[in-house]
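K.L.:
For reference, the chains in residue letters:
There are 2 protein chains.
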Amino acid sequence: MNPDNIDIVLVHTTHSGNIGGVARAMKNMGLRRLTLVAPLEYPAPEATWRAASAVDVLENARVVATLEEAIAGCQFVVGTSARERRIPWPVQDARRCAERIATHSRSERVAILFGREDRGLLNEELERCNLHCHIPTHDDYPSLNLAMAVQLVAYECRMVQLGEQTNLSEDAEWDAPFSSTEDMARFFAHLEETLIDIEFLDPQAPRQLMRRLKRLFNRVRLDEMELNILRGILSETQKAAAKAAESAD
Amino acid sequence: MNPDNIDIVLVHTTHSGNIGGVARAMKNMGLRRLTLVAPLEYPAPEATWRAASAVDVLENARVVATLEEAIAGCQFVVGTSARERRIPWPVQDARRCAERIATHSRSERVAILFGREDRGLLNEELERCNLHCHIPTHDDYPSLNLAMAVQLVAYECRMVQLGEQTNLSEDAEWDAPFSSTEDMARFFAHLEETLIDIEFLDPQAPRQLMRRLKRLFNRVRLDEMELNILRGILSETQKAAAKAAESAD
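Top line first, the protein sequences correspond to chains A and B.
Counted the way this note's numbering counts, the first sequence spans residues 5 to 253.
Counted the way this note's numbering counts, the second sequence spans residues 5 to 253.
Excised from the complex, chain A in its bound form (with noise of 0.2 Å):
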């Protein structure tokens, strides 16, 4: 594991007390890179007070507007959630993401997001996800407070780094690098593009589509050079629908 590689993102987190919770409880475990999109508040007393010693933390952490720069040049996301979506999404417990993290994080950017102390992270966040993180909590209170989620996740990251062999990963020695998430934005603005182009999606009646192919594509985390292959055949499909076009006219 590389802790350098790891961000701890919070998505537009509402009480300034807990950010301050986070950067302990992330400095306790060794970790250190801390992105905020959008908080409420903040800089804020509360969270300096929280932060005990871990003020540094806070002092580096990067202050963001949108998702989307926090997670700029990452290619392994991580997105927290507690709960059933409608289309599942590839999901593992805490313990075993925290393996794929640390793997990861060897050679790659990873992200691990965190929502809203009320809401979570929303679908469209989730989304951007490769691979979402549940923490088993009790039925009669299963909603965790958010320094407590990041302490967890935290914890078991420092359990697989003390525990820490040489599991090559699947992919360890893969032959291109894996695309980064602006690139698979643009990928999948092609896609949907050149769909409505051949008229499989019905722009007022986009269904389930494209985030079935969000999952899909997130799930198996398409290297630079499969990237390239794809929006090649994009490419060549929107000159032959628009040939078509042409002659219908």
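Since the hints were derived computationally from the structure, they do not count as laboratory data.
Where hints are given, some of them may not hold.
Because identical chains share one entry, a pair is satisfied inside a single copy or across any pair of copies.
What the hints assert, rightly or not - Here are the simulated lysine to aspartate or glutamate pairs, EDC-like style, with alpha carbons at most 20 Å apart:
1. K218 x D179
2. K247 x D97
3. K218 x E128
4. K218 x E203
5. K218 x E72
6. K218 x E131
7. K243 x E228
8. K243 x E63
9. K243 x E131
10. K247 x E45
11. K218 x E228
12. K243 x E203
13. K218 x E186
14. K243 x E197
15. K243 x D60
16. K247 x E203
17. K218 x E196
18. K218 x D206
19. K218 x E197
20. K218 x E250
21. K243 x E196
In this text, all values refer to a predicted model and were calculated from it rather than measured experimentally.
Once you have looked at the hints, place chain B on chain A.
P.N.:
Relative to chain A, chain B alone:
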């Protein structure tokens, strides 16, 4: 594990907010028995507020004057401790401790002691324990918040309780069956045909194209619904290519 036999014992807690945080952390993980040894300030609004939907744990908490009263009748006592002791005591990390706690709790009364925010448990308190529990924090900042420490130990207990069930595979509850190899073979044939139709693939110089695409789609394991979507896209692409070819004639 029997949660009804497990008591979380907070010894001389200074900050009442932490007591509320502990109550929530416990209920999140299915623990309910809380004992407070001479808390500095309790009941307190800060405790109620931090407990959120775990006020029932607070309401049912025992408040006692001494540690003797708190652990009377207990057969297995675990003390959480960060510091090295002059006389070594049996110590295990939180994961191993949770296994011991789970086992003993089936038939015995178990107490898990958490000390003061600033000094932890005193030597004479730690000497009453059968086992010391160590949470492996980072040397840069080893001091965990009290509620965080309870959260981690309670979480490890819950993980033991859930046992192997929680080792979800990523796709344990997928919404569609995964495709058979025959379906995949048909899909690859259709894909190849379509790539020739749109002139992306030259059958005279195929290079590594199909191999890379097979690796991609076999890596992801397509479910049947995804396969149908992709086959639908290929069919529409072929129609466009056919019209384009007509117009070129």
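K.L.:
Each of the hints needs a verdict: does it hold here or not?
P.N.:
Taking the hints in turn, this is what the structure says about them:
1. In the homo-oligomer, the alpha carbons of K218 and D179 lie at most 20 Å apart only across protomers (15 Å), although the nearest pairing inside one protomer, at 23 Å, exceeds that limit.
2. In this homomeric assembly, K247 and D97 never come within 20 Å of each other (Cα to Cα): the closest approach is 49 Å inside a single copy and 50 Å across copies.
3. For the homomeric pair K218 and E128, the shortest alpha-carbon distance inside one copy (10 Å) is at most 20 Å, but the shortest distance between copies (29 Å) is not.
4. Taking CA atoms no more than 20 Å apart as the test, K218 paired with E203 passes inside one copy only; the shortest distance there is 19 Å, against 26 Å between copies.
5. Taking CA atoms no more than 20 Å apart as the test, K218 paired with E72 passes inside one copy only; the shortest distance there is 16 Å, against 30 Å between copies.
6. Proximity of K218 and E131 under a CA criterion of 20 Å is satisfied intra-copy only: 7 Å inside one chain copy versus 24 Å between copies.
7. For a Cα distance limit of 20 Å, the shortest separation of K243 from E228 qualifies neither inside one copy, at 23 Å, nor across copies, at 29 Å.
8. In this homomeric assembly, K243 and E63 never come within 20 Å of each other (Cα to Cα): the closest approach is 51 Å inside a single copy and 58 Å across copies.
9. In the homo-oligomer, the alpha carbons of K243 and E131 never lie at most 20 Å apart, since the shortest distance is 29 Å inside one protomer and 31 Å across protomers.
10. Taking CA atoms no more than 20 Å apart as the test, K247 paired with E45 passes in neither setting, with 54 Å inside one copy and 58 Å between copies.
11. For the identical chains of this complex, K218 and E228 are neighbours both inside a copy (16 Å) and across copies (16 Å), given an alpha-carbon limit of 20 Å.
12. For a Cα distance limit of 20 Å, the shortest separation of K243 from E203 qualifies both inside one copy, at 14 Å, and across copies, at 10 Å.
13. Taking CA atoms no more than 20 Å apart as the test, K218 paired with E186 passes inside one copy only; the shortest distance there is 13 Å, against 24 Å between copies.
14. Both within a single protomer and between protomers do K243 and E197 lie at most 20 Å apart by alpha-carbon distance, with minima of 12 Å and 17 Å respectively.
15. Taking CA atoms no more than 20 Å apart as the test, K243 paired with D60 passes in neither setting, with 54 Å inside one copy and 60 Å between copies.
16. In the homo-oligomer, the alpha carbons of K247 and E203 lie at most 20 Å apart both inside one protomer (14 Å) and across protomers (13 Å), since each shortest distance falls under that limit.
17. Within a single copy, K218 and E196 get their C-alpha atoms as close as 10 Å, which meets the 20 Å cut-off; across copies the closest is 22 Å, which misses it.
18. With identical chains, the CA atoms of K218 and D206 are at most 20 Å apart within one copy only, with a shortest distance of 17 Å there and 28 Å across copies.
19. Taking the shortest alpha-carbon separations for K218 and E197, only the intra-copy value of 14 Å comes in at or below 20 Å, while the best inter-copy value is 24 Å.
20. With identical chains, the CA atoms of K218 and E250 are never at most 20 Å apart, being 30 Å at best within one copy and 33 Å at best between copies.
21. Taking CA atoms no more than 20 Å apart as the test, K243 paired with E196 passes in both settings, with 15 Å inside one copy and 18 Å between copies.
Violated hints, listed in ascending order, are 2, 7, 8, 9, 10, 15, 20; each of the other numbered hints is respected by the structure.
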